[in-house]
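Visitor: Chains as they are written, first to last, in the working numbering: chain A, 13 to 675; chain B, 659 to 818.
Calculated directly from the structure, the hints in this document are not laboratory data.
Derived DMTMM-like pairs (lysine to aspartate or glutamate); straight-line CA-CA distance at most 25 Å:
#1 LYS709(B) <-> GLU296(A)
#2 LYS690(B) <-> ASP568(A)
#3 LYS692(B) <-> ASP581(A)
#4 LYS807(B) <-> GLU796(B)
#5 LYS690(B) <-> ASP581(A)
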Amino acid sequence: MPAGLPYFAWIDAGETTFGAEHMRWDEAVFSFTLAQEEGDPATLTAVVRRPVNEAGAMVGLLGPGRKIWCWFALDCGPALVKFRGRLVGIPTSIFEELVTLVFVARPFDVVAQKEALAETLRVLPYYDPVVLDKERRKDPDVVLEGYTKIWHYDRETHVLTVSDEITGEDGLVEFDGASETGKILYDGLGLTLTTGPLTRVDVSAEFTWTQQAVGTVDLTSYIIGIAQFATEGQAGSIASYTLTADSWPKNKTGIGDGWEVAEGRCYENYDLTLRQWTESATLEVETGDGQTIQATSTHSRNSFAIPPGSMVVGYDIKDEWNVSYNEDGDATGYSSNFSSTASVLPLHHITPTLVAGYKAERQCTELVSFSLIADVQPILTDPEDGEAMRIDDVRSVNLTEAIDGEAPIGDPRRRSYIATERGNQSIEHLIALARAHLMKRARVVEIAFAPKLARMPEITLRKNVSLIEPRVGEAVGKIIGYSIALDGSDGRVQCEVRIGCTIGYGGSQVELAGTPTYCSIDYVGTDYQQFNDRVVLFDEGDTSVGYQPPEAAPNDDGIDFLSALRAEDVIDIPLVVENPPRDQQSYILQATLGHTLPRTPAADEEELQKYYETTSELVGAALKQVETKLIFKLKSMTREFESDYELQVTDLKIPTGYDLEAA
Amino acid sequence: MPGFETIVRPVVFPNIRPVPTRSLPPEDDPEKGKCTIGGGGGGIIAVTENKSVSGSTHNPKEIERTVDQARVHQKNDDGTINEENFVDIEVANKIKMKVGARPGGGTPFTGFNGDDVVKTTADRGYTGDDLIENYRYEPVKEKDNIKIKKKNIIKKAESA
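Generate coordinates for the entire structure from the input sequences, incorporating the hints supplied.
Guide: Listed below in structure tokens is the structure:
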């Protein structure tokens, strides 16, 4: 059949394969335009003679039972350009002789196809669920955010794929400008600069997780080590006039932010229980005149094991004796009474145990920022005027929460996320985001040309075009649109192909092993140690950009929950001892200076009792002023930390689709 | 294309990101979270000591004695007995003493001249706090110049 002849066949939806039987003329096509733009399904706009039935009466195009699918084909000589589509919308000019029908090559199951395809694209680093809201992770359109790809609808099979916007997957269509088929028509050539290139993308993102850990730290040695010295206590003990074993914190007592006593024990080195001791005896008392008197003696004591360093703050002694005589001057009786009362302020020597338990819930954030600069040819005379874009809304979900059954942070005790392997993938995703923007915006040069009809069957939106033409020179670009049109009024077939060409300088980044900071790579592998000047490509299959994986440098309080914690690791403010016994003693002596009994022994019990009461009050008031206190601060288990990371990223190498400097 | 199909270019909406879960970290308050171990425990403990000694002498009172009456004649240097010259004497062979209150647990008094004390409860014994003790002595014996006139004469003290 002659080139340029169109076929039009109404078909059932199930006729998905074009056959010779479809090369027919169910409608008389007066003119048509077959076009497809990047990201859209192909459309066919056909102007046909208004359909009539066998009786010659007009028929409704959208009437029940009417077929709405069509196969359209255009004979281009060597091959056909085929299109399968379904009728959409309401035909225009329906009462005229000619009606316009619009068909679209969009599958019915586009949603299902897109979701299925998106599922295969949810691959790190191009897709990172941690920076997506949970509700939006299943959105298929979101999946392309990190790719330089766009949806592609096959105009015949209606299979949905994605196609790279820089490099087509289905090969290169060459127009070499020399061969007969490699030449393009003189008319229809155009070159436009769609916009200035994006030269830089500034990315800042935050990754947040709740650092969680539970454990204990034995503070006993730490506390005793300082307090024993400060209080001049016995070995392994603390001494104080006020700090008693009973006042030592008990289990479950809060001792800091996120801290409580896991094990608190304390005992007094000396038993301060008052004990009664009584002894009776019979003895002979010499009266001095050669006689002896049989006497009974009773000795009682109410006392306790008085610890060394205790203070006697009040004392009274009463010592009386009497001998009675008869008329003859002989001694007939003897009595003596000795009593003493001492007010003792015991120095408590306590031996404590304190194991602190922690439950960490610390909000950690890592702020990652970098600038990715595109290695592109300047459009403006001053490259500084190039456009820059800022992506600063990227933030993660809580990385402690599981995604698909696994928490991105892995071990929630970690201090850093981005320094982990998974964290590196999140960095790579950020680079992918910036890269996608720069790559798309680097497609500045748009060239439209008119190939010969015979080449049109080769054209799809999944291919690149290599164009050599004297007026534009050499250009390589992705096909971003095409159209074939026939105007029935003149019978001319007009073809147009548009390509988008990037204006980079080409080249590629190379991976650098860097200098290991600890030992040779052979010895422990690349994952064990940190490197200087290391460059890792952001994706194994892509050499456009690389970065230096950051070393963990958390701006936190230094607690590493992954290792066994010692007291030194968790002390924020070191232990100080306020009012050790020496200070207490001085204060008490000063407070009780001059406070004595009016006479010794006391005149009566009432005077003595009053003396004891006032002594007790004075000492008690003084002790309140100088209570021994052990003060320290443990590192907070609920603090929030924020660490900044400035990433080192290489320039983005962009293919040279068109050399503006040579044009 | 002016049609009714949806434009299917990927559109990334700004609300695809998770909502911020945090605000700026607050400044750490150095005073917050401090642990203070202290206590107003302890206090004065009174230690007391008492010692008392008491005693009294014991003066036993004689309340009754039993005597033997005897006549002792002069014995000359040549061993002869002068019947004209004699003296009558009473020799106690038993003395009953009221000792008075006894110190509890004490050692019993010893008797006169080192004689053992034989306690008796024959007719009175302990009465109230009084203790009656009998002291027995060797009775007088007849000799050539000593004649016993009467034995076991009981004499009571006036105040007994």
